[in-house]
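**Student:** Sequence:
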Amino acid sequence: MKYIMLIILLFSPLTFTQSIGIKIKQPPFNQLTMEDLWKVDLKNNYERTIYVFFKSELKDKAGNTIAESVVDVFPLEAGEKSFNPADALNYKGIITYTSKDPVYKLSVLRTGSLPPGDYQLCVKLFYTGSNQLVAEDCIQQTVSSISPPVLVFPKDRSELNEEVFVFSWNPPIPLPKEGEVEYEIDIVKVFEGQMPEQAIQHNESWYHADMIKTTFHQYPLTAKKFENGIYAWIVSAFQSGFTLGSSEVWSFSINRK
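Position one of the sequence shown corresponds to residue 1014 (the numbering used here), numbered consecutively onward.
Take the hints with a grain of salt, since some may be wrong.
Result set (DSSO-like, lysine-lysine): computed pairs, CA atoms no more than 30 Å apart in a straight line [claimed, not checked]:
(1) Lys1118 / Lys1202
(2) Lys1270 / Lys1168
(3) Lys1094 / Lys1168
(4) Lys1168 / Lys1137
(5) Lys1052 / Lys1068
(6) Lys1118 / Lys1105
(7) Lys1270 / Lys1226
(8) Lys1068 / Lys1056
(9) Lys1237 / Lys1202
No wet-lab data here; the hints were simulated from the structure.
Go ahead and model the full structure; you've got the sequences and the hints to work with.
**Tutor:** Dropping the structure here:
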């Protein structure tokens, strides 16, 4: 009898679950995409390959299901594996929008991210054959409306004649709680008949700098000197490679006599 009880203990769901794990990769600050349903880290502490599949479920703050996903059976070798969207597609991963509210799907199509709100993402890993639940994980993620950087100096449509220029701006709001924010500044010359916004979109950069870690930037003395004329400038904010927003386009003019 003791021998039989030992066998049952060794192969109990608890022991099995401890040997296999799944953990959702936390999305970047203020970001949540459909592909995040497929971004997980897997663990197999057995010394053999096992076959598993997993399901994902995305819910809103009220607990209403927005989308579901199923990734078909795949081999999980011993050790750890980082599972990504490409893997999911290889194993017939399918995402189904279950919410009747079109705002979620439209937001993903237009911006790549879900609209502002509080979300819960859960994943469940199952053992093939018995369909036994062996591991699960849930995270909470908030997507907020972010105000983009706001330009401060030089003022829009101001006239300058200085030799040393310091550009400054205010950061996006709210700032990420984790991760460093970096900025990118782009300055272009505005030609006759152009609006500043058109110049930013179509003209070659007069000056460009990225990976700026402060909310000001001194124009380098070694950079190309400004000629008389009108210039447009814009600042964009990034965190971990994701865009947090771009400022309005402002202009300034150089008029040295």
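**Student:** So, for every hint listed, does it hold in this structure?
**Tutor:** Do the hints match the structure? See the list:
Between the alpha carbons of Lys1118 and Lys1202 the distance comes to roughly 39 Å, so the proposed pair goes past 30 Å and is violated. In summary, the hint linking Lys1270 to Lys1168 is supported, as the alpha carbons are separated by about 21 Å, within the 30 Å threshold. Of the supplied pair hints, the one linking Lys1094 and Lys1168 is violated, its CA atoms being roughly 52 Å apart against a limit of 30 Å. In summary, the hint linking Lys1168 to Lys1137 is not supported, as the alpha carbons are separated by about 53 Å, beyond the 30 Å threshold.
The suggested pairing of Lys1052 with Lys1068 holds, with an alpha-carbon distance near 12 Å, which does not exceed 30 Å. Taking the CA atoms of Lys1118 and Lys1105, the gap is near 21 Å; set against the 30 Å cutoff, the hint holds. For a cut-off of 30 Å, the pair hint linking Lys1270 to Lys1226 is broken: about 35 Å separates their Cα positions. Note on Lys1068 and Lys1056: the hinted pairing holds, with a Cα-Cα distance of about 16 Å set against a maximum of 30 Å.
For the proposed pair Lys1237 and Lys1202, the alpha carbon gap of about 12 Å is at most 30 Å, so the pair holds.
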